[in-house]
Amino acid sequence: MFKKVLIANRGEIAVRIIRTCRELAISVVAVYSEADAKRLHVRLADEAVCLGPAQSSQSYLNVDAIITAAKLTGAEAVHPGYGFLAENADFARALLSAGLTFIGPSPDAIEIMGSKTSARRAAIDAGVPIVPGTVEPLASFSETKATAHNFGYPVMLKASAGGGGKGMRLVRSDEELLSAFETAQAEAASAFGDSSLYLEKAVERPRHIEIQVFADSHGNVVHLGERECSIQRRHQKVVEECPSPINEPNLRQQMGQAAVKVAKAVNYLGAGTVEFLVADATREFYFLEMNTRLQVEHPVTELVTGFDLVREQFRVASGQVLSFTQDDIRWNGHAIECRVYAEDPSNNFFPSPGTITHLREPSGPGIRLDSGVDLNSEVSIHYDPMIAKLAVWGKTREDAIDRLRRALDEYDVSGITTTLPFFREIVRDGEFQRGQLDTGFIERFNSRRASAPPAVPAIEERHMAVIAAALAYHQRQQQATQGSSPVTNRWKLSGRNAALNARQNLTHETSSKWRKS
Amino acid sequence: MEEELKLRAFLDNSDLGVIIEDLEGELRVTVDGHSYTPQVQRIDDNSYLLTNDNRVYDCRVECKSRERYEVKLNHHAYEISIVDPRRLRTDENSDRHHDGPTEITAQMPGKVVRVLVDRGVAVEKGAGIVVVEAMKMQNEMKTPRAGTVLSLNVSPGDTVNAGEVLATVGDVK
Numbered sequence: 000m001f002k003k004v005l006i007a008n009r010g011e012i013a014v015r016i017i018r019t020c021r022e023l024a025i026s027v028v029a030v031y032s033e034a035d036a037k038r039l040h041v042r043l044a045d046e047a048v049c050l051g052p053a054q055s056s057q058s059y060l061n062v063d064a065i066i067t068a069a070k071l072t073g074a075e076a077v078h079p080g081y082g083f084l085a086e087n088a089d090f091a092r093a094l095l096s097a098g099l100t101f102i103g104p105s106p107d108a109i110e111i112m113g114s115k116t117s118a119r120r121a122a123i124d125a126g127v128p129i130v131p132g133t134v135e136p137l138a139s140f141s142e143t144k145a146t147a148h149n150f151g152y153p154v155m156l157k158a159s160a161g162g163g164g165k166g167m168r169l170v171r172s173d174e175e176l177l178s179a180f181e182t183a184q185a186e187a188a189s190a191f192g193d194s195s196l197y198l199e200k201a202v203e204r205p206r207h208i209e210i211q212v213f214a215d216s217h218g219n220v221v222h223l224g225e226r227e228c229s230i231q232r233r234h235q236k237v238v239e240e241c242p243s244p245i246n247e248p249n250l251r252q253q254m255g256q257a258a259v260k261v262a263k264a265v266n267y268l269g270a271g272t273v274e275f276l277v278a279d280a281t282r283e284f285y286f287l288e289m290n291t292r293l294q295v296e297h298p299v300t301e302l303v304t305g306f307d308l309v310r311e312q313f314r315v316a317s318g319q320v321l322s323f324t325q326d327d328i329r330w331n332g333h334a335i336e337c338r339v340y341a342e343d344p345s346n347n348f349f350p351s352p353g354t355i356t357h358l359r360e361p362s363g364p365g366i367r368l369d370s371g372v373d374l375n376s377e378v379s380i381h382y383d384p385m386i387a388k389l390a391v392w393g394k395t396r397e398d399a400i401d402r403l404r405r406a407l408d409e410y411d412v413s414g415i416t417t418t419l420p421f422f423r424e425i426v427r428d429g430e431f432q433r434g435q436l437d438t439g440f441i442e443r444f445n446s447r448r449a450s451a452p453p454a455v456p457a458i459e460e461r462h463m464a465v466i467a468a469a470l471a472y473h474q475r476q477q478q479a480t481q482g483s484s485p486v487t488n489r490w491k492l493s494g495r496n497a498a499l500n501a502r503q504n505l506t507h508e509t510s511s512k513w514r515k516s
Numbered sequence: 000m001e002e003e004l005k006l007r008a009f010l011d012n013s014d015l016g017v018i019i020e021d022l023e024g025e026l027r028v029t030v031d032g033h034s035y036t037p038q039v040q041r042i043d044d045n046s047y048l049l050t051n052d053n054r055v056y057d058c059r060v061e062c063k064s065r066e067r068y069e070v071k072l073n074h075h076a077y078e079i080s081i082v083d084p085r086r087l088r089t090d091e092n093s094d095r096h097h098d099g100p101t102e103i104t105a106q107m108p109g110k111v112v113r114v115l116v117d118r119g120v121a122v123e124k125g126a127g128i129v130v131v132e133a134m135k136m137q138n139e140m141k142t143p144r145a146g147t148v149l150s151l152n153v154s155p156g157d158t159v160n161a162g163e164v165l166a167t168v169g170d171v172k
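Sequences listed follow chains A and B, in order.
Residue 0 is where the first sequence starts when you use numbering that gives the first Met the number 0, and the numbers rise one by one after that.
Residue 0 is where the second sequence starts when you use numbering that gives the first Met the number 0, and the numbers rise one by one after that.
Worth flagging that the hints you see were computed from the coordinates, not collected in a lab.
Here a beta-carbon is modelled for each residue, glycine too, at the ideal position from N, C-alpha and C.
Worth double-checking, as some hints may not be accurate.
Stated by the list, open to error - Okay, the calculated beta carbon distance ranges per label pair:
hint: 1; chain 1: B; residue 1: Arg27; chain 2: A; residue 2: Gly439; range: 37 to 43 Å
hint: 2; chain 1: A; residue 1: Ile458; chain 2: B; residue 2: Arg118; range: 43 to 49 Å
hint: 3; chain 1: B; residue 1: Asp11; chain 2: A; residue 2: Pro350; range: 26 to 32 Å
hint: 4; chain 1: B; residue 1: His75; chain 2: A; residue 2: Glu247; range: 36 to 42 Å
What the hints assert, rightly or not - With the C-beta cut set under 10 Å, the calculated list includes, among others, these residues of chain B facing chain A:
hint: 5; residue: Asn53
hint: 6; residue: Tyr56
hint: 7; residue: Glu66
hint: 8; residue: Tyr68
hint: 9; residue: Tyr77
hint: 10; residue: Lys110
hint: 11; residue: Val164
hint: 12; residue: Leu165
Same shape as in the complex, but just chain A (with noise of 0.2 Å):
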């Protein structure tokens, strides 16, 4: 095993591997860009490296630096953690002819897991279904016509040079065909100046689902069973559950072993992700993408499993065995993790950099929280805005369901606008409760907010709201008149407070010393 192990992120993730680290007794050396300098990674590593300035380009992601930090401090190792070099085959390159050890898999299955195309061939090749589609662009409306039948209905008709929905039609049958072609085609013409068209079959109510998969270097590769990551806003996962609601052992069982054929097409080692679009009604499954790195969401695999995916990252990079075979992985109940981010959920998801002034995290049975932040954290505008994962297990859906509700209303962040009242909303959703998920699910659930009639608090609540603004008004006022200056914030108020403490104490103080003598 490693004896020094360099983490080259920031945030919660680092924190995560800081912890395993400790764990397995490595030492940690920490990097860190100048705006990150009092962050909780740091303070919790052994050795600290500045990279550089606050922008990732010049710190995260400079290459350079982190291997000089590497050097620097002797750590035979890097951790990249998710996001910034973690699916940088280049990096990868560079870490080993330095003589380092990178925390992942090769640079080569990154590089052919990193491009559609060859991500694509690869699936094909391990004989794992792709949503079938055609590659050049449709000849004809006869083409078109075969090619549908060929698929079967639906289809969908997508602009080739296409975006945003542009030139894009659902089609369910023949009689629809027709026009739907031609009207795709004019708006592809006038859209982006070019009407050529291609065909792919249609998922209805796609449901994201990944699994996740690990290998060693003795030939190992096992499957760590599904997670359900279809609630997303902007293409990204904010909610996350291990097993999915649907939780049929068949559909594991198959597409397992199907991310399994992927990872050994590509001599995979380490922790990694198969993602696939799940249609909701037929439960047919195709390829989308494999994400050669350890992702955002395993906490929710680890807590219905049982293993440390970040320990056993570091066993098979350092030429260990699995601590596991396939036999011996078990889903013991349910886990569902909520995403916090720095964002204003009633502003359209707009980021809310900030100071937390007050933090009141969720603990108790069940609860796991993963968070890079603390009291007096500074949210910056340099990086991702998420500060916190928010993990519940429960023995059933239902029972991990009552639980992150009760997790959620026990989290109290000032200071910054977070997105936990919008999950607030989503854990109380009938739809969500009862599981019918699809990547339409925000857009939905948005709609439906939209129409609800707005929550009205007990007049006695919104009372005692009155009172402890015009109790707290009184205070200030009494204050002021003690004062000599105005007071202008919370923070000279509460100094001020203190002098006057001190002061009230020391007359104190000497007034019965005065009696004593």
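We have chain A already, so just place chain B on it with the hints.
Showing chain B alone in chain A's frame:
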């Protein structure tokens, strides 16, 4: 000794009368005619724990300005303005004696009726700067110090929120 404090609170377009009475240690607060005798614990500068008829209200109070407060209670954020009507009739800025520029602020939400000075003019201490109508009363906002009108942020007809800076008076550098 009995103490009584009468305030007005503005919350979501409603204007609520608030009376705080200290009845020999027991606090009685009347809000909009509803009387409460809550137990009050001050947890820290920004937290008040109120217990009313054994019901717990854990309030976080964020002070935005002297008059404006955001109270978070059960994950609901209440934007509340507090005004002391007594202060409106007196020179509201009388407790500010410092030498720097002074901000003349609106005491409660209202409408600007008249602007009595121009930017850049010299004013005496106590001179009227802006007249704001609120709750059917016209209030002349006066400067607590002599100096020059450095900024004038409102015009007649403007609506202003409690705490909004109407003008600043200070020395020309």
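Each hint tested on the structure:
1. B:Arg27 <-> A:Gly439: 37 to 43 Å: 54 Å, violated
2. A:Ile458 <-> B:Arg118: 43 to 49 Å: 45 Å, holds
3. B:Asp11 <-> A:Pro350: 26 to 32 Å: 27 Å, holds
4. B:His75 <-> A:Glu247: 36 to 42 Å: With Cβ atoms ~41 Å apart, the hint holds.
5. Asn53: With a closest approach of 12 Å, the Asn53 (chain B) hint is violated.
6. Tyr56: 4 Å, holds
7. Glu66: Hint on Glu66 (chain B): holds, closest Cβ of chain A at ~7 Å, below 10 Å.
8. Tyr68: Check passed: Cβ of Tyr68 (chain B) comes within 4 Å of chain A, closer than 10 Å.
9. Tyr77: 4 Å, holds
10. Lys110: Violated, because the Cβ-Cβ distance from Lys110 (chain B) to chain A comes to roughly 23 Å (cut-off 10 Å).
11. Val164: 13 Å, violated
12. Leu165: The hint is violated - Leu165 (chain B) has no Cβ within 10 Å of chain A, the shortest such distance being about 17 Å.
When each numbered hint is compared with the structure, violations occur for hints 1, 5, 10, 11 and 12.
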